[in-house]
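Participant: As given, the protein sequences belong to chains R and U, one line each in that order.
Letter by letter, the first sequence follows residues 191 to 485 of the working numbering.
Letter by letter, the second sequence follows residues 191 to 485 of the working numbering.
Check before you lean on any hint, since a few could be wrong.
Any copy will do: because identical chains look the same in the list, a pair fits if it lies in one copy or spans two.
Keeping only pairs whose Cα atoms sit at most 25 Å apart, straight-line, the calculated SDA-like set for lysine to any residue is [unchecked claim]:
no., residue 1, residue 2
1, K203, R250
2, K347, V223
3, K379, S438
4, K347, N463
5, K382, W343
6, K345, W243
7, K379, F395
8, K383, R224
9, K368, Y403
10, K382, E413
11, K379, K415
12, K368, V208
13, K345, D211
14, K415, L482
15, K382, S406
16, K360, E394
17, K379, L389
18, K382, L408
In short, the hints are calculated from the structure, not lab data.
Protein chains: 2
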Amino acid sequence: MLLAASKVFDRCKPVIGVNTDPERSEGHLCLPVRYTHSFPDALQKLYRGEFRWQWRQRIRLYLEGTGINPTPVDLHEQQLSQEQHSWAHINGRFQDQRSEISGPHLLPVRALNEVFIGESLSSRVNYKSCKPSFKFSLHRASYYEISVDDGPWEKQKSSGLNVCTGTGSKAWSYNINKVANQAVEEILKIVKKHGSLNLPLNREFIQKVTNEYNDSLLYSPEEPKMFFSIREPIVNRVFSSSRQRGFSSKVCVRSRCWDACMVVDGGTSFEFNDGAVASILIDTEDALRTVLLED
Amino acid sequence: MLLAASKVFDRCKPVIGVNTDPERSEGHLCLPVRYTHSFPDALQKLYRGEFRWQWRQRIRLYLEGTGINPTPVDLHEQQLSQEQHSWAHINGRFQDQRSEISGPHLLPVRALNEVFIGESLSSRVNYKSCKPSFKFSLHRASYYEISVDDGPWEKQKSSGLNVCTGTGSKAWSYNINKVANQAVEEILKIVKKHGSLNLPLNREFIQKVTNEYNDSLLYSPEEPKMFFSIREPIVNRVFSSSRQRGFSSKVCVRSRCWDACMVVDGGTSFEFNDGAVASILIDTEDALRTVLLED
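Here chain R stands alone, though its shape is the one from the complex (with noise of 0.2 Å):
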């Protein structure tokens, strides 16, 4: 679905997704799990139209800077061509378009999910290759400054950075954000300890607060918003961290990293190294149509 949608710049072109794998797979892109087996169903509801429009924003993605390369490496055509998959072919495709010109480029891209920021975490000897790779560390800590909303500009050091639109925020930015009954138990706890708590220290309030919690992080794929959340944010002298996480209308990163990268829909990604200043920003003529059935 993410690919197909990867495809699509057109505001005519509906896409609609069928979840092949409901036993494994949330499909939250998809129609509803119980169209699966029943497709003529849901062709039928088409048919009749009924249904309505439902336009999912993406997020637009402008680079400039020096040495950026907006030379996107197409992830999910590695994955489905690997095998007769060659350099010519990555050659004939996207030409080094190294720029000399820094301006902003409008990269071709529009984020369905969300824009992930950070280090590249590839590491280790290839054994079958004979190759070791040029870069080791497998968990390197990004650093980058962050400037939300045309706000003042803040040096940031953390496991990388989420941008995410209503849709996205059901996916890895849910992840990373939501807490866990055992988190908000001990600090209930605390809490209590302090004498600061009413209410009895059941199950039940502590899974109903985890989940307004959680669910707070959800909001609707239309909404002309995005979610910016920093991954493990790493707080000390010189780093700090304002925000961990907030909805924004624009988010700027100037990358400070040595071997980064933007990683679209976990499909596309583009190198982001020191002196790169991307801007993150949604535009509603974006937006891709998908529907909605009537129940």
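Chain U: place on chain R using the hints.
Facilitator: Showing chain U alone in chain R's frame:
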């Protein structure tokens, strides 16, 4: 410091670190920062016996099961000798010992900070070498089964599993598990909304609760217990996560991963793919001898 410690398996050999970059590094494994510019004072104290031994407990690893490869990839060595590095060098140091015997192998490493288990996050075409890397998914969830203190096996899907020592409780584990002011504030707002909070919700109280929660994540390097935590657990119909973290004496993990590894102190990694079983525990025989100088 981690690299030096990784060479020491002898309880008699003390390892002492000096923080050479106090501006940018916490140096929690080193002597306090004041000795960086007055190292003779430290030497004096050592000479006079004005110190005590600090035993930093370390984790040992047993690996068994089908298709394991107990050959470690030494990531520190790769960094130090990146230019002159050659495959012949690796071949000389670590013979490929893919084992036919599936009995538990005690790995030739001891974790001073932590063991991290997760899918390799290697990705990307390497523009310079003109060779596509054979794996690309930047963020693939890790599948595994876990048994804590010989308890029942539980299937899990997450961004990885971290098992640390007291020393490591201040390191990556801390960044995975710490809670932000912002999250505590939002949880307490929910509690207040239910009429359950006695105290006014001011910044001071929120900070106090946050600090107390985060402090509870830290413990003494000398305690012979491990702290396991699951990073970004994915919870749905198939995968449970009864406890996101906790103390334990023993953690067993069975890999259901495609291309995963166990990484010790961010420096040495072992393949850990489907069928491999790791047993993770502390043996006080493996403790590293370090010093605590008298004030």
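Participant: Among all the numbered hints in the text so far, which are the ones the structure does not match?
Facilitator: Hint check: 5, 6, 8, 10 and 12 fail, others pass.
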